[in-house]
Amino acid sequence: MVEHGIHATQAVVTLDVALPGIIWGWMITLNMWAKSVGTGVILVGAFLLYRHKKEEMPNIRWMMPLISFIFLNIFLLFTLTDLHQPYRMINIFLHPHWTSAITVGAWMASLFTGLITILMVIGYFDAHPNVRKHGACAKAAREHSALYEKLFPFVVFLAVPVTLYTAIIMAEASARELWQAPAEVMQMMWAALLAGSAGLIFISGSWSKESRRDLALVLAIATFFSFLMYMGEYFFSFKSAEAEATLAYVHSGGEYNAEFWFAMVLGFIIPFFLAVKNMKEDNKTMLRFAAILALIGLYMAKDVWLKIPQLLNLS
Amino acid sequence: MKLGFLVDLNLCMGCKGCEVACKVENEVPLGSWRLRVKYIDIGTFPDTSRSFTPLRCNHCESAPCERICPVSALHYLENGIVNVDSSRCIGCAGCMMACPYGAIYMDPETNTADKCTYCAHRVESGMMPACVVICPVQANIFGDIDDDTSHISQYIMEHQGAVQVRKPEKHTTPKHFYVGGGNQTLNPLAQQRLEGYNLFNNVTHLKHIGDPHHGVIDRFLAPFTSHEHLDNKSFMDFDNSHESHEEEGGH
Numbered sequence: 001m002v003e004h005g006i007h008a009t010q011a012v013v014t015l016d017v018a019l020p021g022i023i024w025g026w027m028i029t030l031n032m033w034a035k036s037v038g039t040g041v042i043l044v045g046a047f048l049l050y051r052h053k054k055e056e057m058p059n060i061r062w063m064m065p066l067i068s069f070i071f072l073n074i075f076l077l078f079t080l081t082d083l084h085q086p087y088r089m090i091n092i093f094l095h096p097h098w099t100s101a102i103t104v105g106a107w108m109a110s111l112f113t114g115l116i117t118i119l120m121v122i123g124y125f126d127a128h129p130n131v132r133k134h135g136a137c138a139k140a141a142r143e144h145s146a147l148y149e150k151l152f153p154f155v156v157f158l159a160v161p162v163t164l165y166t167a168i169i170m171a172e173a174s175a176r177e178l179w180q181a182p183a184e185v186m187q188m189m190w191a192a193l194l195a196g197s198a199g200l201i202f203i204s205g206s207w208s209k210e211s212r213r214d215l216a217l218v219l220a221i222a223t224f225f226s227f228l229m230y231m232g233e234y235f236f237s238f239k240s241a242e243a244e245a246t247l248a249y250v251h252s253g254g255e256y257n258a259e260f261w262f263a264m265v266l267g268f269i270i271p272f273f274l275a276v277k278n279m280k281e282d283n284k285t286m287l288r289f290a291a292i293l294a295l296i297g298l299y300m301a302k303d304v305w306l307k308i309p310q311l312l313n314l315s
Numbered sequence: 001m002k003l004g005f006l007v008d009l010n011l012c013m014g015c016k017g018c019e020v021a022c023k024v025e026n027e028v029p030l031g032s033w034r035l036r037v038k039y040i041d042i043g044t045f046p047d048t049s050r051s052f053t054p055l056r057c058n059h060c061e062s063a064p065c066e067r068i069c070p071v072s073a074l075h076y077l078e079n080g081i082v083n084v085d086s087s088r089c090i091g092c093a094g095c096m097m098a099c100p101y102g103a104i105y106m107d108p109e110t111n112t113a114d115k116c117t118y119c120a121h122r123v124e125s126g127m128m129p130a131c132v133v134i135c136p137v138q139a140n141i142f143g144d145i146d147d148d149t150s151h152i153s154q155y156i157m158e159h160q161g162a163v164q165v166r167k168p169e170k171h172t173t174p175k176h177f178y179v180g181g182g183n184q185t186l187n188p189l190a191q192q193r194l195e196g197y198n199l200f201n202n203v204t205h206l207k208h209i210g211d212p213h214h215g216v217i218d219r220f221l222a223p224f225t226s227h228e229h230l231d232n233k234s235f236m237d238f239d240n241s242h243e244s245h246e247e248e249g250g251h
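Protein sequences, first through last, are from chains A and B. The first sequence: position 34 = 34 (this note's numbering), numbered continuously. The second sequence: position 167 = 167 (this note's numbering), numbered continuously.
No lab work stands behind these hints: they were computed from the structure. Possibly wrong hints are sitting among the right ones.
[As the list claims (entries may be wrong)] Derived lysine-lysine pairs resembling DSSO-like cross-links, with alpha carbons at most 27 Å apart: (1) A:54 <-> A:277; (2) A:284 <-> A:209; (3) B:167 <-> B:38; (4) A:53 <-> A:239; (5) A:239 <-> B:167; (6) B:170 <-> A:239.
[Unchecked claim] Partial list, computed: chain A residues near chain B (C-beta under 8 Å): (7) 84; (8) 127; (9) 128; (10) 131; (11) 292; (12) 296; (13) 300; (14) 313.
Note that the coordinates shown come from a computational prediction; the quantities given were computed from them, not determined experimentally. Idealized CB from N, CA, C, for every residue including glycine.
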């Protein structure tokens, strides 16, 4: 924990029990990061499908839900792995406690993953008409091809609360006052747009220049506002005395200070300039490089933001 | 009925009897605590004093741990006690992140969250909590704060103005009160915590949550394998595997 104290009291803790260190560690970071990609590709994909014809982005109809499916399963796997009683996860469905954002989130994320799976299956078999021509599953998927367009608006709608509910969990973790819901909600949304655009950049090689320019635009805006949010929270937020003391400790070169700035530069500042440059030049390699940096930086930023509040001394 | 707890810090002499009684009564594992007595030294030599603060679950009326628990493992009893159902707990540690008092621990043997329950099992059979019974100076006072004639209610009335709760700004409405003791005892910002300079132990941080011998895979295999119990030796081995505080200039 962070050492606090005022000189005037001359009060020193001389005997105490061992205190737990970081309680929510890298698994929670990975879980949040993967969820940002999983929901972000749907949100950014929906924006692109609204702006452009799907023929301009030939693989988006199946690659978008596939990326989402993979990252949502990473998210669900690490959610499960982080539990000390993983098999009891079922209790969230059998004995739900609806005041808990963990419960509400688990239900929504499960539903979201189910719908994404349907989109992925339909999208894949539509895009590959020669695969398993006589297979029952492939046949059923192709017969219900129209379901994709009907489900998609619900999936996009659901992606928003699935992106944001973790912010409410953080707010409910009320001992850690750096996690304030309003700011955290916005951070989660920008993180999803950043991760979503970065995720789609890797499959955008065959897309039209205009759609790739829109991806670069989303990445630039998301990195810019993410950076602003972190700066605002890091320097100009006013919290409880304990949280302020913890931030002052980090500011003065304490734990996670270097990682925080590394994340800001790697995840937000460099990708912002690369994305802005790419809006004029359409350099696929540069855009992919920006996407990789943004994803690495986002992981580090989330990791730091998760751990700093756990430095708060509670007693 | 609303059960509450009051510690008169003017009486507490830091014997740790309550801490030991709690450990024995509730089989609290090594390295974990439901109730702990923190020592604070105040002042500059020769004008110094030592104060003792027993810390336990505050059984808040608006408990953040109860709100965040996804499976109602933390729940209210009719008498106001915030109880734990360890058979339902999924071990997400949400309650540990929510409790502003750091009063919840992950039991390394059951891999579930646990905390002070005001000895709910004893209270149910008409007995006092173990820490109340053991206290040699009757610094621990327990009873119904809804009943004006109860000892605790009368104590609170007699000491109006001197009754404190921990972190009132959190709006958790704690049902655990303190009488006496200055601001230094209850406010973490008013004390310094110098790592490695504790009186009897040089362990200040637990580097693990849950059983140190149980890795990620073990969590999944646990129901199918026999459980390895922690004992003093395994705990000491774990402690020795980390760098000692002597290297950092501690004791």
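Okay, the hints, checked on the actual structure:
1. A:54 <-> A:277: Holds, at roughly 25 Å.
2. A:284 <-> A:209: holds, 10 Å
3. B:167 <-> B:38: Since the Cα atoms of residue 167 of chain B and residue 38 of chain B sit roughly 17 Å apart, the hinted pair holds (cutoff 27 Å).
4. A:53 <-> A:239: violated, 47 Å
5. A:239 <-> B:167: holds, 14 Å
6. B:170 <-> A:239: Holds, at roughly 12 Å.
7. 84: This interface hint holds because 3 Å falls under the 8 Å limit.
8. 127: Interface hint status for residue 127 of chain A: violated (36 Å vs cutoff 8 Å).
9. 128: violated, 35 Å
10. 131: Because about 34 Å separates residue 131 of chain A from the closest Cβ in chain B, which is outside the 8 Å limit, the hint is violated.
11. 292: This hint is violated: residue 292 of chain A lies away from chain B, its Cβ roughly 27 Å from the closest one there, beyond 8 Å.
12. 296: violated, 23 Å
13. 300: With a closest approach of 21 Å, the residue 300 of chain A hint is violated.
14. 313: Holds - the Cβ of residue 313 of chain A comes within 8 Å of chain B, reaching about 5 Å at its closest.
The earlier numbered hints that this structure contradicts are 4, 8, 9, 10, 11, 12, 13.
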